[in-house]
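Colleague: Letter by letter, the chains look like this.
Protein chains: 2
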Amino acid sequence: MLSRDQLASARGRAHEYLARAGIVLTPAEAAAIEVADFGLGDLERTGLQLVTYVNTARVCAKELVLFPGQTCPEHRHPPVDGGPGKEETFRCRLGTVYLYVEGEGDPAGALCRPPAGREHTYTVWREIILQPGEQHTIPPDTLHWFQAGAAGAVVSEFSTRSRDESDVFTDPRIVRVPAC
Amino acid sequence: MLSRDQLASARGRAHEYLARAGIVLTPAEAAAIEVADFGLGDLERTGLQLVTYVNTARVCAKELVLFPGQTCPEHRHPPVDGGPGKEETFRCRLGTVYLYVEGEGDPAGALCRPPAGREHTYTVWREIILQPGEQHTIPPDTLHWFQAGAAGAVVSEFSTRSRDESDVFTDPRIVRVPAC
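Top to bottom, those sequences are chains A and B. Going by the numbering used here, the first residue of the first sequence is number 3, and it counts up by one from there. Going by the numbering used here, the first residue of the second sequence is number 3, and it counts up by one from there.
Among the clues, some could well be false.
As the list claims (entries may be wrong) - Non-contacting residues of chain A with respect to chain B, defined by C-beta distances greater than 10 angstroms in every case (computed):
1. Arg13
2. Gly24
3. Ile25
4. Val26
5. Leu27
6. Arg60
7. Gly107
8. Thr125
9. Val126
10. Phe171
What the hints assert, rightly or not - Here are some chain B residues the structure puts well away from chain A; computed CB gaps all over 10 angstroms:
11. Ala63
12. Leu113
13. Pro134
14. Asp166
Claimed, not checked - Stretches of chain B that chain A covers, calculated by requiring three or more beta carbons in the stretch to come under 8 angstroms of a beta carbon on chain A:
15. 10-17
16. 37-44
17. 66-79
18. 114-121
If you are wondering where the hints come from, they were derived from the structure by calculation, not from laboratory data. Idealized CB from N, CA, C, for every residue including glycine.
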């Protein structure tokens with residue numbers, strides 16, 4: 003679990019990245035930036051910072067912040083409650099994000115490496131590189147992971163309802179929603 | 003209908019507002035900014051500039067640009083094809099936007115006036131003022147209109163599928179989707 007200092011530091015850094023992308027938060031939003039280490043205790047390598055603007059039964063919108071080289075680990079959004087699962091569009095706002103999804107791809111030629119020690123939990127290698135203004139839509143139930151370039155990244159996510167507790171991660175050690 | 007020069011000029015101005023909000027477009031997106039005069043031929047007073055990032059069967063995300071004092075006229079998104087109609091969240095990114103929705107409100111005390119000559123087509127007066135970082139969610143089938151302050155405005159819209167051809171405007175003279 004993250005310490006109080008780690009959480010405060012990650013929130014402050016994430017807020018700076020958002021400001022650099024021209025994104026204005028209310029003070030309440032800035033104080034509540036979500037910092038996810040996915041239960042691995044290695045935030046700098048495996049982690050994600052999030053601001054959720056809205057998450058209704060039908061629509062969700064978030065900003066995602068990745069620190070330099072930080073990775074959001076491989077997962078998919080399966081069907082839930084008779085619906086087809088979460089559909090996501092990622093639009094890069096700042097920096098570069100390397101997105102990997104199901105499809106043709108060669109791990110040997112990829113520009114990113116998974117976090118050391120967890121390589122066996124990364125299995126999809128179709129590489130999509132997003133610079134500011136570029137975007138990609140991921141259909142429901144499709145394995146994907148992403149990593150920021152050396153300058154970090156800010157990515158807007160437009161999606162159907164987000165249910166983090168339903169996400170399926172390839173790495174069995176990952177806990178998306180902490181129990182406490 | 004807008005002339006070629008009017009269209010090019012409005013696109014250029016809208017692109018400047020988006021850039022000022024830190025929003026990066028691809029050259030193709032910038033060249034295709036939608037300029038809507040709602041068939042009234044009075045773009046400076048009644049109009050809206052739009053960039054649609056994504057509009058799938060389930061999710062839509064757009065940026066809306068309003069020039070100083072420009073008004074998006076009163077309308078609602080009715081149920082379509084057995085669904086409940088479009089749900090929208092507006093998040094202000096730049097400038098000030100005055101949003102009017104169904105509910106308690108006094109036209110005499112409101113900070114905005116409808117475009118001259120079309121006052122009778124504005125009927126809802128619950129006033130919501132959005133500055134950068136502030137947002138409001140509008141349920142389906144709810145009458146609403148909005149106007150930019152003196153500095154114009156950029157507003158992000160997160161919603162369910164957008165079907166402009168289904169929108170119901172209070173002003174019978176309005177044509178949202180031109181026939182040609």
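Colleague: Would the non-interface assignment of Asp166 of chain B survive a Cβ cutoff of 10 angstroms against chain A?
Modeller: holds, 17 angstroms
Colleague: Once the closest CB in chain A is found, is it more than 10 angstroms from Ala63 of chain B?
Modeller: Nearest chain A Cβ is 4 angstroms from Ala63 of chain B, so the label is violated.
Colleague: Find the nearest Cβ of chain A to the Cβ of Pro134 of chain B and say whether that gap is larger than 10 angstroms.
Modeller: Given a closest Cβ separation of 4 angstroms, the condition is violated.
Colleague: Counting residues of the segment 66-79 of chain B with a beta carbon closer than 8 angstroms to any beta carbon of chain A, are there 3 or more?
Modeller: Violated - the segment 66-79 of chain B has 0 residues with a Cβ nearer than 8 angstroms to chain A, which falls short of three.
Colleague: If I take the minimum Cβ distance from Gly24 of chain A to any residue of chain B, is it greater than 10 angstroms?
Modeller: violated, 2 angstroms
Colleague: Are all C-beta atoms of chain B more than 10 angstroms from that of Arg13 of chain A?
Modeller: holds, 16 angstroms
Colleague: Does the claim that Thr125 of chain A lies outside the interface with chain B hold up, using a Cβ gap greater than 10 angstroms?
Modeller: holds, 26 angstroms
Colleague: Test the statement that Leu113 of chain B is away from the interface with chain A: the closest C-beta pair must be farther apart than 10 angstroms.
Modeller: holds, 21 angstroms
Colleague: With 10 angstroms as the threshold, tell me whether Val26 of chain A passes as away from chain B on beta-carbon distances.
Modeller: The claim is violated: Val26 of chain A sits with its nearest Cβ about 4 angstroms from chain B, within 10 angstroms.
Colleague: For the segment 114-121 of chain B, do three or more residues have a beta carbon lying closer than 8 angstroms to a beta carbon of chain A?
Modeller: It is violated, with 0 qualifying residues against the three required.
Colleague: Could you let me know if the closest chain B CB is still more than 10 angstroms away from the CB of Ile25 of chain A?
Modeller: The claim is violated: Ile25 of chain A sits with its nearest Cβ about 7 angstroms from chain B, within 10 angstroms.
Colleague: Once the closest CB in chain B is found, is it more than 10 angstroms from Leu27 of chain A?
Modeller: violated, 5 angstroms
The earlier numbered hints that this structure contradicts are 2, 3, 4, 5, 6, 11, 13, 15, 16, 17 and 18.
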